[in-house]
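Novice: With the hints as your guide, set chain R with the ligands onto chain C.
Protein chains in written order, with full-length UniProt numbering: chain C, 1 to 237; chain R, 1 to 284.
There may be inaccurate statements among the hints.
Heads up, simulated DSBU-like pairs for lysine-lysine below, C-alpha to C-alpha not over 30 Å straight-line [said to hold, decoys possible]:
| id | chain 1 | residue 1 | chain 2 | residue 2 |
| --- | --- | --- | --- | --- |
| 1 | R | Lys137 | R | Lys111 |
| 2 | R | Lys130 | C | Lys6 |
| 3 | R | Lys16 | R | Lys209 |
| 4 | C | Lys17 | R | Lys113 |
| 5 | R | Lys79 | C | Lys76 |
| 6 | C | Lys21 | R | Lys130 |
| 7 | R | Lys224 | R | Lys209 |
| 8 | R | Lys78 | C | Lys231 |
| 9 | R | Lys75 | C | Lys237 |
| 10 | R | Lys247 | R | Lys8 |
| 11 | C | Lys237 | R | Lys16 |
| 12 | R | Lys211 | R | Lys224 |
| 13 | R | Lys111 | R | Lys79 |
| 14 | R | Lys113 | C | Lys21 |
| 15 | R | Lys211 | C | Lys231 |
| 16 | R | Lys220 | R | Lys209 |
| 17 | R | Lys137 | R | Lys113 |
| 18 | R | Lys134 | R | Lys11 |
| 19 | R | Lys247 | R | Lys224 |
| 20 | R | Lys220 | C | Lys237 |
| 21 | C | Lys231 | R | Lys79 |
| 22 | R | Lys134 | C | Lys21 |
| 23 | C | Lys6 | R | Lys128 |
| 24 | C | Lys231 | R | Lys16 |
| 25 | R | Lys134 | R | Lys111 |
| 26 | C | Lys6 | R | Lys111 |
| 27 | C | Lys237 | R | Lys128 |
| 28 | R | Lys247 | C | Lys76 |
| 29 | C | Lys231 | R | Lys75 |
| 30 | R | Lys78 | C | Lys6 |
| 31 | R | Lys209 | C | Lys17 |
| 32 | R | Lys130 | C | Lys17 |
| 33 | C | Lys6 | C | Lys231 |
| 34 | R | Lys130 | C | Lys237 |
| 35 | R | Lys79 | R | Lys11 |
| 36 | C | Lys17 | R | Lys128 |
To be clear about the criterion: a stretch of chain R counts as covered by chain C if any three or more of its residues have a C-beta under 8 Å from a C-beta of chain C, and this derived list gives those stretches [claimed, not checked]:
| id | region |
| --- | --- |
| 37 | 75-82 |
| 38 | 102-113 |
Please keep in mind that the hints were generated in silico from the structure rather than gathered at the bench. Virtual Cβ for every residue (Gly too), placed ideally from N, Cα, C.
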Amino acid sequence: MSFSLKRIYAIFYKDLKDLMKNMFVLTTVLTPVLFAVLTVQSEPLHFDVHYLIINLVFIMTTVFLQGAIIAEEKEKNTLRGLMMSPATTTEILIGKSGLSVLLTIITLALCIRITGYEFVYANALFLALFLSFILYLAMGTLLGLLARTVVEASLVLMPLMFVFGLGSLLLEIISDYPSLVFLEYLPNFHLQFLVEAVDAGKAFREVTGNLIVIALWMVFVCFLTVMVYRKREVDGK
Amino acid sequence: MENILSVKSLKHVFSKSTAIDNMSFEVQRGEIFGFLGPSGAGKTTTIKILTGQLHPTSGTALLFDVPSTQVNQPKYLKKFGVMTDNSGLYNRLSVYDNLHLYCELYSVENKQKRIDEVLDMVNLMDEKRKVVSKLSKGMLQRVTLARALLHEPELLFLDEPTGALDPANSRHIHHGLQELNRRGTTIFLTTHDMLEAESLCHRVAFLNKGKVQLLDEPSKLRRKYSDDTLTVELVTGEKRILENGPKGAQKLYEYMSSGQVVTLFSNEPTLGDIFVDVTGRSLV
Ligand SMILES: Nc1ncnc2c1ncn2[C@@H]1O[C@H](COP(=O)(O)OP(=O)(O)OP(=O)(O)O)[C@@H](O)[C@H]1O
Ligand SMILES: [Mg+2]
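Okay, chain R solo, but in the shape it has when bound:
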C-alpha cells in the first residue's frame, strides 16, 4: 500500500509547552484514519503542521512525498482539503456565494452541479440561499465541511467534523464520508467521539499529550484488549460471565438447552475503555 502521508519524529513546541512529542505514523492511500484523543492532546496542532499552516519544531511530515513545509504551492494545495477551527466563512454572504467563491479559487468545473452535490451531502439544500450569519452552529460546521469537499480532494483533513452536530446529521455525514472514501478520497479525521472512530475509521491512533500511544484497526484493538469472556443474561435476570474454553462451553450448553438464555454478548472493550486502559485518561 502506498503511503499518502508519513510522519517521522515530529515535534512541536509552543513557547513553553510541548504540543507534539516525537510523533511517527503513516496513513495509507484510500483509508479513513482516525486521530483519537482528549482535548489538548494535540489533534488540531497535528493537522495544522500536516497542512503546512505551522512549521514543526523538528521532525518531518510528508504529504504526497512532499515535506509539509513546502506543501503550500498551488499544485499540492489542489490535492487536499482542510476543515479546522480556523476555517471561517463570509458572514454577510449566502451559503451559495461562499461555496461559489471556492469553486472559482479551486477552478471547479460544473459549479452549480457540484455545489448542489456537496450541499446535499451535508443536508443543507434548503439553506442554499441563506445568509451565513443566520445559520446555527451545526449548520456552519456543515457548510465548512461542504466547502472542503468542493474540489474532490485526494486527501481530506477534518478536525472534529461532527463536533457540533446532532446524531441524525452526524449519521448523514458519516454516510457521506464513507461514500467519498469509496470513490477514492483518503480521510484523516480527528475526534474525541469513540463511536465515530469505531464506525468510520479503518485505523485509529490514540493520541495523548502529543504522543501516539497506540495505532491499529478498531476491531483488532478490541480483540487485543478483550478479556476473552462472554456474558449471558438469564431469564431470572442474573448475569453470568463465561470463560472462553471447555468449562464455559459446558455452562453455556446447559443454559441454552434448558432455555434460560435471554441475551449473550462478548465482553470486548470499547475504544473508550481501551483508551482509559492505555493512557490512564478518559477521552472527554
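In isolation and in its complexed conformation, chain C is listed as follows:
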C-alpha cells in the first residue's frame, strides 16, 4: 500500500489550525492540567492519584478530542469529502489522530511535571502506556463515528469518565458487588495493577497477564473502529 506522509500531514495541519479557533474543545482538553494543579496543593500524592490523573488525560484529552474532531467531521459533512478523496483509510485515521497524539503528550507532560510523578523505568510500563494510548485513540475514533454530533460525543463522555476515570474508587465499589466483578477486566485497572506491580519491583513476565488484557482490548477496539468506519463509508450520509 502506498502511504503518503504529505496527505497525513495535511489532515493533521488542518486539524491543528481548526483547533486554535475552537475554544470549547481546547479548554476541555486542558482540564486535566487544571485538575493536576488543584490536587498538587494537598499532600504528597499517592500513586493512585497519579494514575487517576493519567487516566483522566486519556479520557478528557485523548478520547474526547479524538471523538470530538471525528464527530464534527460527521456533523459538518466533511468526513465524506475525506472518504471520497484518494487518501486511504489508514492515512485518514492516522492523520485524524495526529492532533490527539500531540495534545495528549503535551497534557501528560504538563500534568506529570506539575504533580512531580517519577516514572519507574520499566519496559513493561512503557509498553502498557503505549498500548493504552492506542486503545484510547481508537476508542475516541469509535465514539466520534458513533455519535452524530459533538454534543452527543461529549455526553457519552460522562459515563466513560465514571468507568475509566474513577480508578481505585470504582474498584472499591465493585468489591461490594460480586456481580460487577467482570469490570476488573477493564484496561485501566490492568494498567493500574501493572503499575503497582512494577512499583513493587516485579519482573516483566509477572505482568504479562496485564499486558495481554490491555493488548486484547486495544486489538478489539481497533478492529471495531475499522469495521464501523467501513460501514460509514457506504451509509450514503
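Specialist: For chain R with the ligands alone, kept in the frame of chain C given last:
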C-alpha cells in the same frame, strides 16, 4: 462512443420506500448528461450510488468499467469529482485553506495556480481569504463546486450545482462547465431547472419516482413532442396558429406580403412541458 458510466437495472430501497426502481442508462465519455426530475425523484440517491457512497439493493453501475461498489480505491477516486448535499466545508478555515487541503489530498501540482483558476471559474477570487462561516449560501455552493474541480477529474458529478445561485452567477458557472467539458471532462449533473438542462446538457434523462421515463437530446425531444405548428403575431395584436403544410404556407404568405407580421415562432414545447406530458407531474 465509449461509455464512461453504464447503469443496468439499478434498484435502491430505503427501509420502506423504493427510491430507485429498475434504472438503466449510459453516459458517454465527453458529454454533459442531465438528470432532470422533481424533488424526491431519486437524483441524489442515484449520484450516491454511482459514486460508491451507497450500495444499491440490486442491479449494477459501472464507472470506468468498474462496479460502483468497488470504486472507492485511490486510483479510481482520483478520476472523478463529486459535489452533493453532503459535501461539507471546514467552517472555521478560510476558502483558501479548504482548497489547499484538497490539493494535498489529491496531490494537485501547482497548487496556488490551480486554486486561483478554480476560484476564478466560480467567481470567488475576492473571497479567497475569507473564513467559510462568513460566506453566503450561494458562495458556499460555489466553493464546494470549486473544490470538486481542483483535481481536473475525468468525470464530474454535480448535484444541483446552481440550486442556490442568482442568474448571473449561474450563467458564469454554466460557461465554466462548458469550458471544462470542452477540455474533456464528462459531466453528470442533476437539476430541476429545465432551462439549465436545455442550455447545458447534450442529453437529458427525465426521472420520476425513481424511474427514467425518457432520455434524449433536448432538441430531439422538443421536435418529437412538438405539434408541428407555428404561431404568428399580427400588427392587430391577434395570434394565429399555422399548420405545417400548404395551407399554413399560403396563410403565412398572405400575412407577410401584406406586412402584417410582428413575430413568428415555432410551438416547440419546453422540456418542462414535455416533462408534464410524460410524467403527469410538474418539475418543481
Ligand atoms: N437516507 C434516507 N433514508 C430513507 N429514505 C431516503 C433517504 N434518502 C432519500 N430517501 C428517499 O428517497 C427518495 C429519493 O430521494 P433523493 O434525495 O434521491 O431525491 P432528489 O431527487 O435528490 O430530491 P431533491 O430534488 O429534493 O434533492 C425520496 O423519497 C426520499 O425520501
Ligand atoms: Mg437531491
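Novice: Each hint needs a verdict: does it hold in this structure or not?
Specialist: Hints, one by one, checked against the model:
1. R/Lys137 with R/Lys111: holds (25 Å)
2. R/Lys130 with C/Lys6: holds (25 Å)
3. R/Lys16 with R/Lys209: holds (14 Å)
4. C/Lys17 with R/Lys113: holds (23 Å)
5. R/Lys79 with C/Lys76: holds (25 Å)
6. C/Lys21 with R/Lys130: Holds, at about 14 Å.
7. R/Lys224 with R/Lys209: holds (23 Å)
8. R/Lys78 with C/Lys231: holds (22 Å)
9. R/Lys75 with C/Lys237: holds (23 Å)
10. R/Lys247 with R/Lys8: violated (48 Å)
11. C/Lys237 with R/Lys16: Measuring from Cα to Cα gives roughly 18 Å; hence the hint holds.
12. R/Lys211 with R/Lys224: holds (21 Å)
13. R/Lys111 with R/Lys79: holds (18 Å)
14. R/Lys113 with C/Lys21: The given pair, whose Cα atoms are some 28 Å apart, holds under the 30 Å limit.
15. R/Lys211 with C/Lys231: Holds, at about 27 Å.
16. R/Lys220 with R/Lys209: Roughly 24 Å separates the two Cα atoms, so the pair holds.
17. R/Lys137 with R/Lys113: holds (25 Å)
18. R/Lys134 with R/Lys11: violated (40 Å)
19. R/Lys247 with R/Lys224: Given pair R/Lys247, R/Lys224 holds - Cα atoms ~22 Å apart, limit 30 Å.
20. R/Lys220 with C/Lys237: violated (37 Å)
21. C/Lys231 with R/Lys79: holds (23 Å)
22. R/Lys134 with C/Lys21: holds (14 Å)
23. C/Lys6 with R/Lys128: OK: C/Lys6 and R/Lys128 at ~23 Å, within 30 Å.
24. C/Lys231 with R/Lys16: Between C/Lys231 and R/Lys16 the Cα gap is close to 20 Å, so the pair holds against 30 Å.
25. R/Lys134 with R/Lys111: holds (24 Å)
26. C/Lys6 with R/Lys111: Within the cut-off at roughly 14 Å; holds.
27. C/Lys237 with R/Lys128: Holds: C/Lys237 and R/Lys128 sit about 28 Å apart, inside 30 Å.
28. R/Lys247 with C/Lys76: Roughly 64 Å between the alpha carbons, so the hint for R/Lys247 and C/Lys76 is violated.
29. C/Lys231 with R/Lys75: holds (21 Å)
30. R/Lys78 with C/Lys6: holds (16 Å)
31. R/Lys209 with C/Lys17: Violated - the C-alpha atoms of C/Lys17 and R/Lys209 are around 44 Å apart, more than 30 Å.
32. R/Lys130 with C/Lys17: Roughly 15 Å between the alpha carbons, so the hint for R/Lys130 and C/Lys17 holds.
33. C/Lys6 with C/Lys231: holds (26 Å)
34. R/Lys130 with C/Lys237: Roughly 27 Å between the alpha carbons, so the hint for R/Lys130 and C/Lys237 holds.
35. R/Lys79 with R/Lys11: holds (25 Å)
36. C/Lys17 with R/Lys128: holds (17 Å)
37. 75-82: holds (count 4)
38. 102-113: holds (count 5)
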